[in-house]
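Could you slot chains Z, S and D with the ligands onto chain B? The hints should help.
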Amino acid sequence: MQIDEKRIRAYGDTFNDGIVQVSFSLPVEHGPKGDEAARILAGQMGLEDAEVAFSRDLGQSFSFYIVYGRCPAYVDLTQIQVSQVEVEAMDYYEINRFIEERIGRPLVVVGACTGTDAHTVGLDAIMNMKGYAGEYGLERYPQFHAYNLGSQVPNADLISRAVEVEADVILVSQVVTQKNVHLENLTNLVELLEAEGLREKFLLIVGGPRISHEMALELGFDAGFGPGTLPPEVATYVAQEIYRRQRSDSGKPGQ
Amino acid sequence: MQIDEKRIRAYGDTFNDGIVQVSFSLPVEHGPKGDEAARILAGQMGLEDAEVAFSRDLGQSFSFYIVYGRCPAYVDLTQIQVSQVEVEAMDYYEINRFIEERIGRPLVVVGACTGTDAHTVGLDAIMNMKGYAGEYGLERYPQFHAYNLGSQVPNADLISRAVEVEADVILVSQVVTQKNVHLENLTNLVELLEAEGLREKFLLIVGGPRISHEMALELGFDAGFGPGTLPPEVATYVAQEIYRRQRSDSGKPGQ
Amino acid sequence: MEKKLNLEQEKIDRARQAAGTIARGVVEEITPRTTVAVERTILRLLGVDGVDVAEIPLPNVVVEKIQEAQALPCGVAHWMGRAILATGKSPQEIAREVADGNLNIMDQPLYSDEDIRRALEPHVREGLEWIRDQRRRREKFLETLGTGPKPLLYVIVATGDIYEDVIQAKSAAEQGADIVAVIRSTAQSLLDYVPYGATREGFGGTFATQENFRIMRQGLDEIGEEVGRYIYLVNYCSGLAMPEIAAMGALERLDMMLNDAMYGILFRDINMKRTFIDQHFSRMINGYAGIIINTGEDNYLTTADPYEAAHTVLASQFINEQLGLRSGLKDEQLGLGHAFELDPEKEDGFLLEVAQAQMAREIFPRAPLKYMPPTRHMTGDIFKTHLVDGMFNLAGVVTGQEIQLLGMLTEAIHTPHIHDRSLAIDNARYIMNNARHLGDEISFKPGGKVQKRAQQVLDEAVEMLEKIADLGLPRAISEGWFGGISRSPQGGKGLSGVVEKEENYFNPFMEEMASEREGSSRAD
Amino acid sequence: MEKKLNLEQEKIDRARQAAGTIARGVVEEITPRTTVAVERTILRLLGVDGVDVAEIPLPNVVVEKIQEAQALPCGVAHWMGRAILATGKSPQEIAREVADGNLNIMDQPLYSDEDIRRALEPHVREGLEWIRDQRRRREKFLETLGTGPKPLLYVIVATGDIYEDVIQAKSAAEQGADIVAVIRSTAQSLLDYVPYGATREGFGGTFATQENFRIMRQGLDEIGEEVGRYIYLVNYCSGLAMPEIAAMGALERLDMMLNDAMYGILFRDINMKRTFIDQHFSRMINGYAGIIINTGEDNYLTTADPYEAAHTVLASQFINEQLGLRSGLKDEQLGLGHAFELDPEKEDGFLLEVAQAQMAREIFPRAPLKYMPPTRHMTGDIFKTHLVDGMFNLAGVVTGQEIQLLGMLTEAIHTPHIHDRSLAIDNARYIMNNARHLGDEISFKPGGKVQKRAQQVLDEAVEMLEKIADLGLPRAISEGWFGGISRSPQGGKGLSGVVEKEENYFNPFMEEMASEREGSSRAD
Ligand code: B12
Ligand code: B12
Ligand SMILES: Cc1ncc(COP(=O)(O)O)c(C=O)c1O
Ligand SMILES: Cc1ncc(COP(=O)(O)O)c(C=O)c1O
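Protein chains in written order, with the working numbering: chain B, 1 to 255; chain Z, 1 to 255; chain S, 1 to 524; chain D, 1 to 524.
Hints may contain errors.
Per the computed footprint, the stretches of chain B lying under chain S, defined by three or more beta-carbons under 8 Å from a beta-carbon of chain S, are [said to hold, decoys possible]:
| id | segment |
| --- | --- |
| 1 | 77-88 |
| 2 | 116-122 |
| 3 | 141-147 |
| 4 | 173-181 |
Rather than coming from a laboratory, the hints here were simulated on the basis of the structure.
As the structure is a prediction and not an experimental result, all values here were calculated from the model.
Even glycine gets a Cβ: it sits at the ideal position worked out from N, Cα and C.
Same shape as in the complex, but just chain B:
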C-alpha cells in the first residue's frame, strides 16, 4: 500500500475511505426531523454518505446525534510544519553542568498559576522538588533558583515579584480555558510587561494542557509547553535559550 503523503485522508478500514465519526447536540426535538437536521449538518461539514447511527433525546427540546460519514478532504503532510520547542535531550546532570560552564551562574525562575487559576499540579510538576514522572523539578536543580508563587496570582504581583528577585525566567501555568479566559490572562500579562518596558528582561514561558508552542508564540511568549511536559525539557530549553541570547546579544538577559 503506497501512501500519497500529499493526500492523506481519514482511514476506517480501506485506504482513503475517509471515514469519520461526529457527535453533537442540536436544540431540536428528538425525532426524524432532528435526525435529518443532523444529517444535513454533517453534510455541511463536507461528509458524504452521512448516516445518523444513533440519536438520543436530551429532554428540553434537545437531542444528541452520532453520525458516521466519509470526509473527502485531505491533508498535505509534506506541507505541515510543527513549531515545537526544539530541545536536544539533556538530563539533570547535563543541564546543571551546561549552566555552570556556559552561563556561569544559577538561573532565577519565578512561576505562578495566574489570574483565577488554581490548578497548581501542572506547575508543581515542573517546579517542585519531587517533580513529575520520575524527573526532578527545577527546585531540585542546584543551577536554578526557583520561586513557586502558587495559585491565583494576579499578573501584576507576578511581575513585581520577578523584578524583585531579578528573575531570568517567568513561568506561567494556565489550565482553565473556558470562554478563553486563559487567552485574556496571558495577553494581559504580555501587555503589562510591555507597558512597563520589562518584556525583554525575561524569558517568558507558558504551559498547560491546552497550550501549544505555536499559540504561545502568537501571544507574545517565548515558548509554550503542552500536556505531558517533563521538567528537563523546560530546563534544557531555558538553559540553551539563555545561553544563546547571551552569546548573540553579548548582553545577559534578565539582568
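For chains Z, S and D with the ligands alone, kept in the frame of chain B given last:
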C-alpha cells in the same frame, strides 16, 4: 432563549456555540505532526478552534484522533421535509377489520432476506407469529397470508415464489451494508421485476437498520422501513396502500 | 448493612476518639472569635440584601463601616439592634440608609443588651421561620415526590450563565439526575463578598448568588414535578463568604452544600482561623436548614498520590465528622467525601477502590457518603474515561454509596456539555441497574487483597489521627499532612477578617439554633 | 479453580451422560456416509490445489467427475490411487490433467486395495507430515514467544480485502490483541467449494482461501516476533466446504477454527446429515493439527431470548463436547462458546451473566472457553456499547474465561474500523488489569441470585439433554429447540452432496489420524 429555527447550530453548553466532537484515524505516525494533520483536517470540515483532545498510536504508522471544535454551519429546520411512510396508527384488530371490510380478501405477503444476507431477525420480527416488542407478526393476522422464505434467498427465487403464490406484497430485508452490497442487491431486484414486467404487480417494501423511506423510494421501492419498525406499522401501510390503489386504479394490484 | 471487611471496631473507636480530641481543639479556637463573613451572614439572616451604587453588597457595606470603627468585636447584631431601636426601621431599611450615607450606624444611642435582643427578636424569628418553612417544603416534596434509588445521581452544571445552567439542569433531570450542583466561577472563592443578582458570565462555573439560587431552585422544582422526583440543588458553601452562602442556601432551599472544614485552607490558601470560624457557623446554618453537607476529601487525591494518601481521606472524614457533629449537624447530614482516583493502569486497582469505599460505608454507616469520580488520570480519551466512569459507578453501587457524583467522559477537556451529562447518567443508570444487588451477593476472601487494604488504610488513619490529636490540627496542616499542601496559621487570605469577640458580643442566630437543636448524641 | 456455585456434580454427570448418548446417535449416522466436501478434502490433503480455466477448484473438478459417474461411494482416494498407479504422476498432476481433459479419472485400470493404499501412502504421509510440522512450529513459537495473560484478547478483521486485513491485524497485535480472526464474506458459507487465491473484495468479511490464510499467517508471524507474543490466527471451519477449510487451516497453521456441530444446520440451513458428516472429519483434522475449535452457542442467543434460552447454550456445550471428544479433539481444544447477551436494561443482568460464565467455567474446567460479547442489544450508541463491552470484559476476567472475543463499540454500525479495535483492546486491557484478581477475591452468597441462577440453568439443561437423548438430536432440531430455529433432516442445502459409502470405501487420512491418536479418555 428564543431559538431561530432557520439557523440551528450545534449546542455544547451555550446557544450557537457550534461544538462538535469528531474522531477518525489517519495513516500517519503518531506524534505532533499527526496531531497537526488532524487539526487541519478538522479545519477542512469547517471546524473553528479545532483542538486535538486526544490522540493514540495505532501501530503500523496509523494514529487515532479525538478532536473538538466549533462548527459554524447551521441548518434551516423550516426547510426540512422528512419523507416517512405515513400511517395512521391502527392496531391488530383494526387492521384485520380494515382488510376484511374494505379489501374483502386476505392479502398475500412474501418476505425474504435476499442475496447473501442471513440476518433473519428483523424480517422475522415483522413476519413471524411471535412478532416483536409485544406486537404480533403478520403470520398471526387472519387477514394476511404470509410466506417467510428465510435467509440468503436469490432475487430470482423470491420473484418466482411471489408469482407462484400470487402475492400482493414483497417484503425484503437487508442488513449487511458493507461496501453498499445492499444497494446492489435491491437495485438488482427492481431491475429483474421490471425486466419481467412484474414491477406493478407487487407492493414492494424493503426494511433494515440502514433503510429509510427516502432511500427506498430512490431505489424504486414503494416503501422503506428503518430500525425499530413494528409489525402493525407495516401491516397498516400495506392495507391502506392496497386499498388506495384498488380504489384509484379500479383494478386490484397483485392479481 | 453486612460487614465485609473484618475491621476491628476498637481501631475505629480509637480513630473517632482522636478525631474528637482534634475537633475539641478547633472549637476552642473558634469560640472566642468571629469574622466579617459571620457578621455579614447575621445581617443576611436579618433580611439585609441588595447592593449599593458601587455594586457592593449591603451586608459588606454595613460590616465594613463597623469594622472601620473597630467596633466589630461587639458584633453586628449589637449595632443593628441599636439602630432598630433608634429608628424603628427594619434591618434592610437601615442597611440601605447606611449605604446611601443617610445613617451612621456607629452613631446610635445606647440600649441595654436585653432591649437590643428584644428589638432583633422579630427579625431573627422571621429569618429562622423562613428557613424552617423551606425545610418543611423540602420534606413535603420528598414525601410526595420522593427521590431516585440510591446511589443518587449527582451532576454538575457549569456554563457560567445561570439561564443556560437551568436548561442543562432540566435536561439532566429528565435523563435521570437526582442532584444538580451549580459549579462556581473560578474567581468566586476568594471574593470576600457574595455577588448580586442573576449572572451570565463565569469561568469554569457560574457565580453563586442568591438570585441564581432562586432561579435554579425554581427550575428544579418545575422539572421535579414533571419527572416525579425531587431534584436536589447543590452549591458551594466555601471560600471567604462561606457562611453567607450557607444563609443564602438555607433561605433558597438548597439541599446540599459543599462545606469542608479544611478545603479552603488547603486548596484556596484561606487563613486557617478564618476558615475554622466560618465553617462552624456555616455548618450550624446547614444543620438547621436540614442541608446535607459534602466534604472535600476527594481533593487530597488530586494533589497527593491516591494510593499513598488513602488514609488521609479517612482521617479527614473522621475530623469532618467530629467537627460537623459539634456544629449541630446530624449523621444523616454528613456527606463525607471520598474518591475513585487510583491510576487506572494499576493492577487490581478496582479491588483497592472497592476496599476504600466499602470501608467508608462500614465506618460511617449513617452518613450519606459522597463518592467522587475519577478525574486526575483522565485524559481526552473520551471512550476510556467513559469506561473508567463505569467502573466507578460499579464500585458505587456495590459498596452502597448514597451520593454518586457522576464522572464525565470529557473530564480532561471541558466543563460538561449537555450530552456529556446525558451519557454519564445513562452510564450510571445502566451499571447500577445491571449490578443492582451485586453488593448483597458477594463477600470478600478473609485476609484477601480487599480486606487487607481496608485494614491497612484504617491502621494508617488511626496512627495519623492520634499524632494529630497530640500536635493539634494547625500544626498537622502546617506540616502538609493533607493533600501534600502546607499552610501556616498566620498565612493565607482573610486573616484580617478575624475578630476577637468582646464580652457583650452575641450572635442571635447561633444562640437560637444551638438552643433549638438537641446536641447530637455523639458530640461531647 | 475454586468452585463458587454449589452445583451438584450428579447433575453435571447426568448431563454429560445424556450428551454422550446423543453424540453416539450422531456418530452412528455419520459412519456409513461421506460427502463431496470430505472427498475434496482428501484431495487437498493429498496436495491437490489450484483452479481450472473456469476458476473451479481442482478438488471440485475431480470429485464432480467421479460423482457424475456415480462412483463416489468408493471414495476419491480409491480413484486417485488407481490413477497414481496407472500414471505414476502426483495427485496434483493428475487433477490438473483431469481438469484439462487430458485424463479420465474414471477410466483407470483396476488395482488391489492394498496396491492403491500403498500408492497413496507417500502422499498421505507428506500431507500429514506437513501438518505435524506446522503443529511443531506453533509449539515452538508458543515456547519461545509465549502468549498474553488469560483471557486472551480475540479480535476480528473483516475489511473484505486481505491486504487491508493484514494492516488491521498487525495494528491490533501492536495494541495487544492475542488472537485475530478473519471474518468471512457473507456469501462464502453456502459455496460448495473454496475460492482460490488472494482476494480483495468481500462483503462483511474476506473470503477464506488458502492463499489468504498464508498471507495472514505470515503477517501475524512477523508482528508476533515484533511484539514478542505468538498471535493466534482464526478462521471459519463451517459452511458447505467445512472440512476443506479444516485441511487448509491445518496446512497453513491456523490456530483456532470456528467449528460447530450444529451452526450450519441452524444458521445457514445446511442439511443436517451433511453437516454432521462434515463436522466430524473437520474436527478430526483440527484435532490432529492441534487447532482449538470455537463452538457457536453464542448464536442461539441472537435469535432466541437470551434469558429464557440460557440452558440451550449449556446443553449445546455438552453436545459439542461429546461430539468433539469422539472426533479426537482433546478437552484443551474445545473452545466451547457462550455469550454475554442479556438485555442491558435487565436489573441484575450482570449477576446472571456472571452466573452463566462461572457455571461454564466450573463444568468444563479444562476447556478454553470462548466468551462472546454483547451484540444483539447494542445500538449505534458507541459510548453505551463501549461500556457494556467493559462489563463483558469484567465478567470475563472475574470468571476466568480463556478466550475473550472483544466487543466493538460500533457493533450495530459496521464491521470494525482500525480504531474501533484499538479502543476495544484498550477497554479489555484496562478492565482485566484493574480487576485482575477480583475473581479470586469474591465468593457468592449461598442460595443467592448468582448461585440460584446457575443451578436453575443446569437443571434446565439436564432436562433438555435427557429429552434429546430419548428423541435423538435430529428430532430436537426439527422441533426448534436450539435458537428457536427448526430444520428438518431432509431439508437444507447440500444434501445431494451426501454419499453412502461402499464397502471398499476408505479415507486414508481419517484412518491414519484415528490410529495415531489415543482416544480421548472421556469418549466411550
Ligand atoms: C486536579 C484538578 C483540580 C484540583 C486542582 C488541585 C490543584 N491544586 O491543582 C481542584 C479539585 C482543586 C480543581 C478545582 C477546579 N477545577 Co479542576 N481539574 C483538575 C483535573 C482533574 C486535573 C488537573 C491536573 O492536575 N492535571 C495533571 C497535571 C500534571 O497536568 P497539567 O496541568 O496538564 O500539567 C502538565 C502540562 O500541561 C504542563 N504544564 C502545566 N502548567 C505548566 C506551566 C509551565 C510553565 C510549563 C512549562 C508546563 C506546564 O506540564 C505539566 C506536566 O506535564 C482536571 C481534569 C483533567 N483530568 O485534566 C480538572 C480541570 C482542569 N478543572 C476544571 C475546572 C473547571 C475546575 C474548577 C474551576 C471547577 C469549579 N468551578 O469549581 C475548580 C476551581 C479551580 C480554579 N480556581 O482554577 C476544568 C477546566 C475546564 C476548562 N478547560 O476550562 C477541568 C478540565 C475539569 C473539567 N472537565 O471540568 N481542579
Ligand atoms: C444477530 C446478528 C447476527 C446473527 C444473525 C442471526 C439471524 N438469524 O438473523 C448471526 C450471528 C448469524 C450473524 C452473522 C453475521 N453478521 Co450479523 N449481526 C447481528 C446483530 C448482532 C443483530 C442484528 C439483529 O438481529 N437486530 C435485531 C433486529 C430486530 O433489528 P433489525 O434487523 O434492524 O430489524 C428491524 C428493522 O430494521 C426492521 N426491518 C428489518 N428487516 C425488515 C424487513 C422489512 C420488510 C420491514 C418492513 C422491516 C424490516 O424491522 C425490524 C424490527 O424493528 C448485528 C449488530 C447489531 N447489534 O445490530 C450484526 C450485524 C448486522 N452483522 C454483521 C455481519 C457483518 C455479519 C456477518 C456477515 C459476519 C461474518 N462475516 O460472518 C455474519 C454473516 C451473516 C450473513 N450472511 O448475512 C454486521 C453488518 C455490518 C454492515 N453494516 O454491513 C453487523 C452490523 C455487526 C457488525 N458491526 O459487524 N449476525
Ligand atoms: C469541599 C469543597 N468546597 C469547595 C470546592 C470548590 O470551591 P471553590 O469554589 O472555592 O473553587 C470544592 C471543589 O470541588 C470542594 O470540594
Ligand atoms: C460456529 C460458527 N461457525 C461459523 C460462523 C460464521 O459462519 P458463516 O461464514 O457461515 O457465516 C459463525 C458465526 O459467527 C459461528 O459462530
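Sort out which numbered hints this structure fails and list those numbers smallest first. 1 and 3
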